[in-house]
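*Asks:* For the protein sequence lines, the chains are A and B, in the order given. Using our numbering, read the first sequence as starting at 185 and increasing by one per residue. Using our numbering, read the second sequence as starting at 4 and increasing by one per residue.
No wet-lab data here; the hints were simulated from the structure. Just to be clear, a hint being listed does not mean it is correct.
[Stated by the list, open to error] Here are the simulated lysine to aspartate or glutamate pairs, EDC-like style, with alpha carbons at most 20 Å apart: (1) A/310 <-> A/299; (2) A/234 <-> B/153; (3) A/288 <-> B/155.
[As the list claims (entries may be wrong)] Negatives, chain A to chain B, calculated, CB over 12 Å: (4) 194; (5) 204; (6) 215; (7) 277; (8) 298; (9) 360; (10) 361; (11) 362; (12) 385; (13) 427; (14) 437.
Predicted, not measured: the structure shown is a model, and the values here were computed from it. Beta carbons: idealized from backbone N, C-alpha and C, even for Gly.
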Amino acid sequence: MSAAFVTFDDVSLAYDQSGNAIEDINLSIHEGEFVAFVGPSGCGKSTFMKLCTGLHAPTTGSIQVDGEPVAGPLKISGMAFQNANLLPWRTTLDNVLLPLEIVKPYRHQFRKRRDEFVGWARKLLKTVGLEGYEDQYPWQLSGGMQQRASICRALIHQPRLLMLDEPFGALDAFTREELWCVLRDLWEAQRFTVVLVTHDLREAAFLADTVYIMSRRPGRVIERRQIELPRPRALETTYQKPFIDLVQELRAQIGDVRST
Amino acid sequence: MAQNTPLIERLAPWIAVVVLVVIWEVTVRLFDVPSFIFPSALETAQALVTYSGPIAMHSWQTFWTTLIGFGMGVAVGLVLGFIIGSSRFLYNACYPLLVGFNAIPKVAFVPILVVWFGIGSVPAILTAFLICFFPIVVNVATGLATLEPEMEDVLRVLGARRMDVLLKVGLPRSLPYFFASLKVAITLAFVGTVVSETVASNQGIGYLMMSAGSQMRMGLVFAGLLVISAMAMVMYELFAVLEKRMTGWAHRGQNR
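Turn these sequences into a full structure, and let the hints guide you.
*Replies:* Take a look at the structure:
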């Protein structure tokens, strides 16, 4: 394992006087690690994402990413949310290219290197199974396909840190499992660091190296769980006993959180 | 799309017009209404033909003053809408003010404008402008102010400045609102021009109707009304077509 890539030291955040949204977070994430955060609704999982990407500063404590304290929006991260949030007036390809029009240094090279960038986008869309849909508009795509495009948009500028906030929450169970595999393959190929926020324990256990369980508001990390299942993991493993036992243990811990 | 709609559906608006004209003509004849009170459709048509020269001249005056006022309304509306919509603070600060301003009957401004600029085209242009910029401001500002926060996060984390977000996402997103407001604004602009012309001009359809009315030539007055609504309808349709062209993505699914 390499040195810590993301470090949280005694981090708390209060949006207003009503108390902390998250409290005393201490953790470190290695480069290339896949971590998942699970917990009851309103436990500050999304707040954690905002802190990690520098969109919000902590009230107390410090956050370091790649050895540097986080002082503002972190360009090395890409984000995707439960809603695909694609722009309806842009084709799928142009939606995926959007970050390159904004992030430095690509924004100044966009006109000159456009053909090259389009090549990247097409390749990425192909790996998630959207070949042939590049020139379709998002509203012509199904929900699962929109979410694939949204993940491509998060990855186009080759971020080292991918933040996913319940990205598969709005999809049906079959599409969701399909997209787990898409994400798994992307990660196996490129090994960027992933922070996945989810409600789905199977999703967390299947994809992540490390699962963090958070308490109710104010959100604290109450359990850090290493997932030792061998990689690459096949979808079938999620229906086998070791996996099911693991999910049940996690479920029990969440149950404890909810009842206290 | 037009090919698929049944013929009857496409003809429906014209049929409605014909029916209305027939009802008008029949009612006037049936009750024997004197023409200086309410002229029949035929008399109105006759007036249209007889006075076609003066009507054309005055319509042209009304048309170009309206367009100038409308153009100013679009320019100011866009800029003001952009400024107000781009900041939550300005949005909250200026919105009540705009609503209050909009509640003032614009005809009340005409005497003021006459004192400032004299009678003629200028008060007409300014009245058209004053009455039509409000819907544009509100629509553009609302389109910008209702950006999805997640979309903003996606871009902000990439180091996007506020201006990037507004230009790449906010502005295109508010275009459907903008074009929808143009349709409302152009008809309002005609109202503004004509109102101003009736009290403070010696040119334009409004003036023509006032002077014809004072001479009891009601056929001509009604001819004026028809011309105004025809101009407004044509312009409305023009902007409706423009809206479909420019923001087809916002009307997805309706044509299929």
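*Asks:* Hints first: check each against the structure and report whether it holds.
*Replies:* Hint by hint, here is what the structure shows:
For the suggested pair residue 310 of chain A and residue 299 of chain A, the alpha carbons sit about 16 Å apart, so the restraint of at most 20 Å is met. About 11 Å separates the Cα atoms of residue 234 of chain A and residue 153 of chain B, which keeps this hinted pair within 20 Å; it holds. A distance of roughly 17 Å separates the Cα atoms of residue 288 of chain A and residue 155 of chain B; the hinted pair therefore holds under the 20 Å criterion. Interface exclusion of residue 194 of chain A from chain B stands, the closest Cβ pair being 24 Å apart, more than 12 Å.
Listed as outside the interface, residue 204 of chain A is consistent with that label: its C-beta sits roughly 21 Å from the nearest C-beta of chain B, beyond the 12 Å cut-off. A cut-off of 12 Å between C-beta atoms confirms that residue 215 of chain A is not in contact with chain B; the least separation is 18 Å. Every CB of chain B is more than 12 Å from the CB of residue 277 of chain A (nearest about 15 Å), matching its label as outside the interface. Against chain B, the non-interface label of residue 298 of chain A holds: every CB pair exceeds 12 Å, the least being about 16 Å.
Consistency note on residue 360 of chain A: stated as away from chain B, and its beta-carbon is indeed over 12 Å from all of that chain's, at 19 Å minimum. Every CB of chain B is more than 12 Å from the CB of residue 361 of chain A (nearest about 24 Å), matching its label as outside the interface. Every CB of chain B lies more than 12 Å from the CB of residue 362 of chain A, the least distance being 23 Å, so the non-interface label holds. Non-interface call for residue 385 of chain A relative to chain B: holds, since the shortest CB-CB distance, roughly 24 Å, exceeds 12 Å.
Every CB of chain B lies more than 12 Å from the CB of residue 427 of chain A, the least distance being 31 Å, so the non-interface label holds. Distance check on residue 437 of chain A: its Cβ is at least 29 Å (rounded) from any Cβ of chain B, clearing the 12 Å threshold; non-interface status holds.
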